[in-house]
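*Asks:* For the protein sequence lines, the chains are A, B, C and D, in the order given.
Position one of the first sequence corresponds to residue 1 (this note's numbering), numbered consecutively onward.
Position one of the second sequence corresponds to residue 1 (this note's numbering), numbered consecutively onward.
Position one of the third sequence corresponds to residue 1 (this note's numbering), numbered consecutively onward.
Position one of the fourth sequence corresponds to residue 1 (this note's numbering), numbered consecutively onward.
Bear in mind the hints are in silico, worked out from the structure with no lab data behind them.
Backbone N, C-alpha and C define an ideal beta-carbon position, used for all residues, glycine too.
Some hints here could point you the wrong way.
[As the list claims (entries may be wrong)] Partial chain D-side listing against chain B, Cβ under 10 Å, derived:
hint, residue
1, L39
2, L40
3, F45
4, K48
5, T54
6, V74
7, L92
8, N110
9, M135
10, E140
11, L144
12, K146
[Stated by the list, open to error] Label-pair ranges, simulated between beta-carbon atoms:
hint, chain 1, residue 1, chain 2, residue 2, range
13, A, L22, B, R10, 15 to 23 Å
14, D, R126, B, I357, 51 to 59 Å
15, C, T73, D, R126, 40 to 48 Å
16, B, R207, A, V96, 40 to 48 Å
17, C, I32, A, K72, 25 to 33 Å
18, C, R67, A, R46, 47 to 55 Å
19, B, E365, D, Q154, 28 to 36 Å
20, B, H60, A, K72, 49 to 57 Å
21, A, K72, D, Q154, 19 to 27 Å
22, A, A77, C, T73, 25 to 33 Å
23, C, W170, B, E149, 40 to 48 Å
24, A, V87, D, Q154, 54 to 62 Å
25, A, P49, C, W170, 46 to 54 Å
26, C, W172, A, K124, 19 to 27 Å
[Stated by the list, open to error] Among chain A residues calculated to face chain C with C-beta under 7 Å, some are:
hint, residue
27, R46
28, K51
29, F55
30, G126
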Amino acid sequence: MHCSVYFYKIYAFNSRNMIELLLVFLIFGFLGVVLVIMNKLLGPKRSNPTKESPFECGSPYLQEEINPVPIKFYLVAFIFLLFDIEVVFFFPWALVFKKIGSTAFIVMLAYLVIIIIGFIYAWKKGAFQWER
Amino acid sequence: MSTKIQKEARRESMLLNMGPSHPAMHGTIRVMVELDSERILNSEVEVGYLHRGFEKTCEHRTYFNLLPYTDRLNYVSPLINNLGYVMTIEKMLGIDVPERAQYIRVIMSELSRISDHLTCLAAMAMECGAFTVFLYKIKAREFIWDVIERTTGARMTTSYIRIGGVRAELHPDWRDDLKKAIVETRKVLKDVHGLLDKNKIFLNRTRDIAVVSAQTAINYGWTGPCLRSTGVYYDVRKAHPYLVYDKIDFEVPLGERGDNFDRYMVRMKEMEQSLRIIEQAMEMIPEPSSPLQLMAEGMKPAEAIKASRAQKVEERIMLSPNLEGSEKERYKDISTAEKKYTVPPKEDTYTNIEGLINHFKFFMEKHGIRPPKGEVYFSVEGGNGELGFYIVSDGTDRPYRLHLRAPCFHLVSAMEEMIQGHYLADIIPTFGSLNMIGGELDR
Amino acid sequence: MPGKRALSNGNAKSAKEFDMEGGFITTKFNHILGWARKFSLFHYPFVTACCGMEYMSAACAHFDIDRFGAGWTRFSPRQSDMLLVVGTITQKLAPVLRTVYNQMTEPKWVVAFGTCAVSGGIYDNYAVVQGIDRIIPVDIYIPGCPPRPETVLDGLVKLQEKIQNQEQEWRWKRKKP
Amino acid sequence: MEMEKKKALDDLRKRFSGKIKETFLKFGDEIVIIERDSLLDVVKFLMKEPYSFTMLLDLTCVDHIGQENRFQMVYHLFSLSNNHRLRIKLSLPEKDPVVDSLTSFFKNANWLEREVYDMFGIQFNRHPDLRRLFMYEGFEGYPLRKDYPLRKRQPRIRLRK
């Protein structure tokens, strides 16, 4: 049997748990929006020149212009993004881990191996040391 | 306002100031840092944000009135400042202090040293992220402050150690208070050893960071735990023994590499030594001449004055609670016999004229404590190092010039060299391990 | 150049006289707003001197300040409501305090912690500002050198009463004719 | 105790016959008074082997207003090996209070001298960057001088009251 059919059996659209998911998104969405609006609505705005200037622990700031940020910071951010996206795929898999049998487990293992190879490559290339 | 660092900074490096109002800078230091993406190229430390004109105020106050000011110098271990100031004047006046008062002074200043180290390491650990250590240590400090409060009346600004002795006798159940505080502190020390000593994060942030060699430390005039962390054996209590420190045996812990972790470890070991000193002093302290009991019964001061006017036999006087411990018969143990240099006990002041005259002359303008002309330098082992008082007196009751040798002034002056080349995040544990106290640094 | 009269020492009318003017809704809403702001005071500890030690005891486990909802220490003026000025403010530090105060977002309150902040304390000389009300408007003065933690908590409760009874301000408030 | 101190002071005086004006003991502290311009070589000599005063404990100044030599610099040297303290004093006239800087020998002299300059207005030759340490830029006058009034405040920003 073609494996897509196989997947269909698992993710049959049963409306019960979908409703809960929808509810969760609704509540948190509503809460977030209300808080932001309340903040905008209630916070009295009274600006003065000092408030616009950056907060430098109370003393006058030393540098007028902000220089371009060195490349190292971008590297760290990129590596985080990379591994973070990969981890996201583990969550749904962990949810249905029991039901989907061993073939899916092998597929996931292969996926994991690829990540680890990438991780080792990054480590050896010295992406994790700040200063080579 | 172009500072030195702005002139010398390279075009593309980032200038940042960890200004006075920064949690890790204890609110009174401004470190201006030139960064090349997290690495510090150049830094400038600006102090003086807590300069309160202590030395100028000293020239306008009498010797006795200056005691509260000395509490607020190194406000983490106030009793040691009192001790240093008072012993300098005693060295000038040449008076000696009764045995029991010396032991009380040793116990109190060791308690103050423990609270100094507890606060310093609490702040250092919290700034490195270990908030539980901060809570544990401040809790342990509460127990110690309870003992200090019951004897001196104040948690922190005690001005308890007076010229010629101490202000009041210990309260009756001081031994089990002290034992409870010692047990609690030992428990917290054990916890913190477990939490921090092998903690990977703490080790990475403090091991081999801001290493100071013994030679540079001496050249910077370092004394105290920071000098001992570089392996140099110098402790004022051993080098120039004062009070009864020569009778008490205690070791002086030394570090090897002089980095942040050694400064932390030396302070931890020093706390254990201070606990040992307190325990030995508790045994060796001579017994008071009259048994310690709380509120003495007796006449009210007003009736005593009427009775003494009518030459009736003068009984004991019931003093108000905050004068507890300074009754007449206990006075011999806690204050020097010389009449001129101490406040007479209240029984004398209320009942006989000689006590009244002494009291009046002690506090009157130009009549109080007048040390002979000349200058003196005396130092005690403070929480951060050698706390020295240099007093020039011109015979009047006000010091002509009083200079404080602040130990953490020399520690912080080495700061610029210590953080050179490290990461921005290393400033925090380095600064925490130096235990900079604003009141003592800027005076 | 102090900003327009800041909200903190604004017209802190007492609740009674305020009721007569506004309608029922605004008083109810004003009461709720006061209640909400009262119990979520994020404080910015502007710590300098010896009172800092007492602030540590007040903020820590033994005399917990968190019981009054004010335990969350924010180290940036943008996220804090209460400026807790702890310790001696010297002349050199005065502009720093003014800048931090101006950079705080409304609604903001100022608490002077300790005699040096209240009136310059025992340091009456060339270096110390004699009380921070010469620099910024102050709401609550906590006496003591250093004040005992209980006094600090009492000062905090007084500030909360003041916030509760104060006429709250919000962005689109109908300005009085 | 007294004898060794006297002996140490005497042979120091013999070594520096011209430059040391007098030595005496006060409350058990050894004091040496020297000329202003002989400071560097006395300190250089004291840092070497027999005395090895390797640490500058303290450096401060006393303002004897009214006397001809008004400012008096006080140096506390300390030798770790033989646990020995010495106080060196030299006096400076009011008109040109200038003295050589010890920053070439001791690193903490940098800040100590900046503090004395800030408080008394004494110039130090060849000091790397002699600026005010405690007080702020716009502060005129030297606070710790006797003729500076205690409560003369120079506020840095316009105060409200």
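*Asks:* Please write out, lowest number first, the hints stated earlier that are contradicted by the structure.
*Replies:* Failing hints, ascending: 1, 2, 3, 4, 7, 10, 13, 17, 18, 21, 25, 26, 30.
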